[in-house]
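Residue numbers (the working numbering), protein chains in the order written: chain H, 1 to 327; chain D, 1 to 327; chain C, 1 to 327; chain F, 1 to 327.
These aren't lab readings, by the way, just hints derived from the structure by calculation.
In this text the structure is predicted, and so the values were computed from the model without any measurement.
Some hints here could point you the wrong way.
Stated by the list, open to error - Computed footprint of chain F on chain D; a stretch qualifies when at least three of its residues, placed anywhere within it, have a C-beta under 8 Å from a C-beta of chain F: (1) 21-30; (2) 73-84; (3) 125-131; (4) 228-235; (5) 267-273.
The beta-carbon is built from N, C-alpha and C at its ideal position, and this holds for glycine as well.
Read off the chains here:
Number of protein chains: 4
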Amino acid sequence: MAAEPLFGAGLWHFGQFRDRYATDGYGPPVSTLEAIDRAGQVGSLSVVDINYPFNPPDVEVEERLKANGLRAIALTPEIYTRKFSRGAFTNPDPEIRRAAIELVSEAADLARRLGCDYVKLWPGQDGWDYPFQADYKALWQMSIDAVRELAQRHPDLRFAIEYKPREPRNRMTFSSAARTLLAIEKMDVPNVGVLLDFGHSLYGLESPADAAQLILEHGRLYAIDVNDNFRGWDDDMVVGSIHLVETFEFFHTLRQANWQGVWQLDQFPFREDAVEAARAGVEVMRTIWRALQVLDVDALAEAQARQDALAAQRIARRALLSAQIES
Amino acid sequence: MAAEPLFGAGLWHFGQFRDRYATDGYGPPVSTLEAIDRAGQVGSLSVVDINYPFNPPDVEVEERLKANGLRAIALTPEIYTRKFSRGAFTNPDPEIRRAAIELVSEAADLARRLGCDYVKLWPGQDGWDYPFQADYKALWQMSIDAVRELAQRHPDLRFAIEYKPREPRNRMTFSSAARTLLAIEKMDVPNVGVLLDFGHSLYGLESPADAAQLILEHGRLYAIDVNDNFRGWDDDMVVGSIHLVETFEFFHTLRQANWQGVWQLDQFPFREDAVEAARAGVEVMRTIWRALQVLDVDALAEAQARQDALAAQRIARRALLSAQIES
Amino acid sequence: MAAEPLFGAGLWHFGQFRDRYATDGYGPPVSTLEAIDRAGQVGSLSVVDINYPFNPPDVEVEERLKANGLRAIALTPEIYTRKFSRGAFTNPDPEIRRAAIELVSEAADLARRLGCDYVKLWPGQDGWDYPFQADYKALWQMSIDAVRELAQRHPDLRFAIEYKPREPRNRMTFSSAARTLLAIEKMDVPNVGVLLDFGHSLYGLESPADAAQLILEHGRLYAIDVNDNFRGWDDDMVVGSIHLVETFEFFHTLRQANWQGVWQLDQFPFREDAVEAARAGVEVMRTIWRALQVLDVDALAEAQARQDALAAQRIARRALLSAQIES
Amino acid sequence: MAAEPLFGAGLWHFGQFRDRYATDGYGPPVSTLEAIDRAGQVGSLSVVDINYPFNPPDVEVEERLKANGLRAIALTPEIYTRKFSRGAFTNPDPEIRRAAIELVSEAADLARRLGCDYVKLWPGQDGWDYPFQADYKALWQMSIDAVRELAQRHPDLRFAIEYKPREPRNRMTFSSAARTLLAIEKMDVPNVGVLLDFGHSLYGLESPADAAQLILEHGRLYAIDVNDNFRGWDDDMVVGSIHLVETFEFFHTLRQANWQGVWQLDQFPFREDAVEAARAGVEVMRTIWRALQVLDVDALAEAQARQDALAAQRIARRALLSAQIES
C-alpha cells in the first residue's frame, strides 16, 4: 500500500483571526512560537508555512519547529498589511513597491537558511476596487516585473504565486490559474510557479482538478492549500465540509500526475479550536487518501473516455463511501 | 428498521430537453405515455408529477400509470410556455392572467379525478427582467390574488407553490421560502403550501435544511424536489453529485420533523440517459436514507446545542461514509 | 421644487478599518469624537448612526455632535465583537445571550436620552458556518425572543433589524427582507422594523427596490443604508459606483411611497479618504435626487403597467443622464 | 470630432428564442432572411454575424444583406445543437469531433466567399457537467488540436474563439480570456484570436476592461460582443441596463488602445421586440461614444497613476452623465 502523503498547514491557521467586525480578534493574540506549538499538537503535521516577519520579529523558530517535529516548508512574507494596503508590487508609490520587493527578498534569504521548499507570494492587495481606478496594463507589468526581479535575485529558490479572484482587494491581479500562468510565461524565469488554493479555485469558477491539471501541464504546480467554502467567498472552512466529491477529484488528479507535494491546510477556524479544526482537516484528507487506494482508476478512465458522468460519479462515490472514517 | 420512503419524480425528467442553444432538443420528442413508461423502467419510483396539458393533450394516463406501478402525485400546469412568456398570474394582459388561472383550474379538476396530493404551481414567468420594468406592488398583489382565487375555487385540493430565485425570468415573484410564506399568509387560505426544491434553495443563498425547517414551522411543507447544482444556477444535476453533506442534512431535518412526504427527483439529465440518471438519484437517496438510520441523533443534538461545528460534522460524516453503496 | 432629503452616515464610515489581512488596520485608530469631527467635515451630513460603546467608552458625544451640526439618528450596539463571536442573541451560552440583550438595552437607554430615531440591531454573528452545526429552529426562536424582549422593555423606542445574507457568519439568521418580516410578525410587537441596506439586498439576490416595497407594505421600513458592491459580497463601495440604475430605482420606489427617512451612507472606504468618500457618496445621491425631479413618473407608470422594459429603462436613463453632476 | 464606430449585431438577436420552459419558443420561427430584414430595420447596424447553416439551409443571403445595407462580418457555425450536445471539438465520439471540424470548415469556405472578417467559434458544448466526468487533459488537447487544424486549413482566414465560463455546459473548456490565450499560444498559429463578450467576462469574475487589455496585449482581440447581465448568468440584456459604468470603462479601454473593430450587440430580447431592443442597445452605445468624446483622458490617466478611485470615478461619471440621451 502506498505511503501516506505528508500533511502540512499554514501557520496562520493557529494564530489570531480578526475581521472588520470582531476588530478585537476572534481570540487573544498568538505569537509565532505559540502557533508552532499548536501546530505540533495536531500530531499529524510534518511541515508549516510561516508568515514573515515573525511575531515578535526576532524570534528563533528552528529549535521550536524541531521540538514539535515540524519543518518550515515555506515563508509567506506579509505584503498585505497596512503599509501595503494600497498594493505591494502594484502600489502607486514606487517606494512601497520597492519595500515589498525587499521584504520578500529578506524572507527569501531566511527561507534559504531554513531550507524551505519555496517562498510564497500572496499579493492580496495587488489589484483594484473600482471601475476606472487602475491602468490595467501598468498593474500587470508591475506585477510581472516584481516577481521576475525576485526570481532572478534568488535563482536558487522557488517562488510560488498564490492566486485568488478577490479579497482583500475587490479584484486581484493574479486572479486565476490561467492568468498566473500567462504572467509566468512573460517572466521567462524557471523558478516561479503556482500555489493552488482549492478554495480560491472553487469560488473563482474553476474546477479545481482541471486548474491543477492545467498548471501541472505547464510544470508549475509548486504547492497546494486545501480548505472549503460555499463557492461564493473564501470561507476557509475545514476540508471537505461541503465539497467532498470535488476535493476527492482534486487529489485524484494530483495522484494520477504522480505529484509528490505536501497536502496542506489553509483553514481559518474563526470560532473553532484551531488544533481540533486541523485534526478534522487531516482526518478528511486521510479519508480521501484511503478512498484513493480503493478507487478503480481503470474503470474511471474508461468512463471518462466516454465522458460518462453517471458511471464516473458512481465509481467515485463508491470509493469515497467505502473509505470509512478511522476510529 | 424504518420503512423506506416513497420515491418519485417529475415526469419531465423523462421528456425532451431544449435550451436556447440546442433548439432542436437534446433528444427526440417524448410523449407523456412514453415518459410514463420510462419512469416505470426506473424500477423504484412510486409516483410522478405530470405536466399538464399532456402531450398529446387528450391522452388517458391512468391505465398507463397503473401498468407501470405509478400514481400521479401532482399535476403541473404549464403556465410558462410561449403564451405565458410575459407572465402567467402577473401578465400585464388581464386576459392572459385569466387564461393562466383557468388552465390551472382545469388541471385542478383533473388532479381531483386522478387523486393527486396537490396541484403544483410553478409561475416561472412571473417576475421581471430589468430594473424599472415592473410595479412590484402590483405584481405581488396579482400573484397573491390569483393563487388565493384558485385555492378558494378548489377548497378540497392543495396547491403547492414552487419558489425559485430566477430562471426563466431574471427575477421571480415567489423567490424564496420566506417570501412565499409571506404571500401565503396574505392569501389567508388553508390549502396553499410550498414545494421546496433543494436546488432552488441552494442557489438562492438559503441553507435548504433551514428553509425546510421554516416552512415546516408554518405547517406548509407540501412537497419537496431534490437535485443538485454548482450553487450559481439551477443545474438540476443528479442528487448528491456536489452537495452530499447538505443533502444529508436536508433529509435529516425532514426526518426529525417526522415529515412523511415523497422523496422526489427533479433532475434534468440533458446529456445522460434519463432512466439511468433517475436510478442514480434514487441510489443516492437510498444511501442517505441508510445513513439516517445509523446517524447518532442524540450526539448530534448535543453537538448542535453547543453549536459545535466540528463535532456535528464529524458525526454526520461518520454516518454518511458508513452508508456504503448497495451492490 | 421638493426639498432635498437629509443625508446621514454610519459613524464607522470614518473609523479605522481592519480585515483578516491588514490586521494592523487600514489606518490608525480613530476615536468616536474624531470620527464625529470627520463626519462634520463632509459638510452635507445631518445625522450619524453611532457604534456603542463609544471609543473610549465614557465620552460625551452630544456637544461634539452639536459642534459639527450633527444629530445621532441611531445607536448601533456592538454585539458582534470577540465576546459575541459565536453569536449574540443565538449564542449557545445563555449568559452571553443575556449579555447581548443587556448591551442593547443599555444602548437603548442612551438612545432615548440622545433622542435617536431608532436603535439598530445588527446581529452579524447570529447564524451558522457549517452544515449540521445548528438547530435552526432553536436559533430562529432565540432570535425572535431576544428582539421581542427588547421591544417590550423599551416600548417607547423603535428597533431596526439590519438583515444580511452572510458575513461575518457564513449564513445569518436575519438574512433577507422577507425572512425578517416573518420574524417580526412572530414577535407581534409594534416597534420592531427593518433597516434595509441596499448592498445587502443587492448581493442577497433581491431587487432592492422590490425589497423596499415589500417592507413598506408591511409598514416596517425604519431606515436605509446605501452603498454599492459587485453583487457577490458586501463590498460597501461608494454609492452608485456600479449599480447607478438600480440605486436610482431604489430611491424612486421610496419617493413614490412618500417615505421620509434619511438617505444614509454605509460605505467602507478601506483605502480612500473617508471624508472624500462620503462627499462622493452624497454627490451621487444628490445626482439621483435631481434625476428624481425630472423623471417622468406618469410615463414610467404607464410603461410599468405594460411591463415594457425598454420604455421604462429609456425613461429612467433619460432622467439619470440629464441630471448632470453639480460643479 | 471622431467618426462614430460601426455598429453590428449577431443575427440570432432577431431570431426565435427558446429555453427549457418555453419550449414552443418565445415567438414564432424566424428564417435567416427575415432576421436580416429585421436587422435592417434597426437602421443603425452595418454588419451582422450570421449563424450557419442558414435557416432554411440553402438560401442566398448576399443580396438580402445588401438590400438592408448590411454586410456579414462573421459566420457562426452551429456546433452546439443536438448532434453536438455532448461536445463538438471535445465530443467523446471521434466522428462527431470530425463532423464539428468539417462544419466549421464549410462555414469558413462560405465566410471567405462572403468576405467576412472572421469565423466565430463558439464551442458551447465543449466542457463538462459533473466532477469526475472528464479527463481534463484530453479535453484541453482536443480543443487545441481542432482549432489549430482549422486555422492551418484556412490560413487566409481568422478564427475568433468566444469564451464563456458556462452554459450550456456547466463548465466550458474555453472559459476565460487568460485560458483562451494560453490555448492560442499552444496552437502556435497566427490566425486564431478571441471574441470578448462583455457579459461573459462580467459574470466570469473578470473586469471586462482588464480582460480586453490582456487580450490586446497579446494582439488577439478580433471582435467584441456587448450586452449586460446581473453578474450571475449570461442574461444577454440590453447594453448598459445594469453596468453602465463598466461598459463605459470597457469602451474607454478599447479606444485608448485605438482598437478599430465593430461595436457589436449580442442581446437576447426574449420578451421584447427585437428591433426595438437593438435600437435601445445602439442608443446606449452612442451615449457611451459621446461620453468618450468628453471624457478628460489626461485627468483620468493622472488619477489612475495614483490609483485614485474617487477621482477616477468622478471623472468618468461626469463624462457619462453629461452625455445626454439624443432626442
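Now the hints, each set against the structure:
| no. | hint | result |
| --- | --- | --- |
| 1 | 21-30 | holds (count 7) |
| 2 | 73-84 | holds (count 3) |
| 3 | 125-131 | holds (count 4) |
| 4 | 228-235 | holds (count 4) |
| 5 | 267-273 | holds (count 3) |
Of the numbered hints given earlier, the model fails none.
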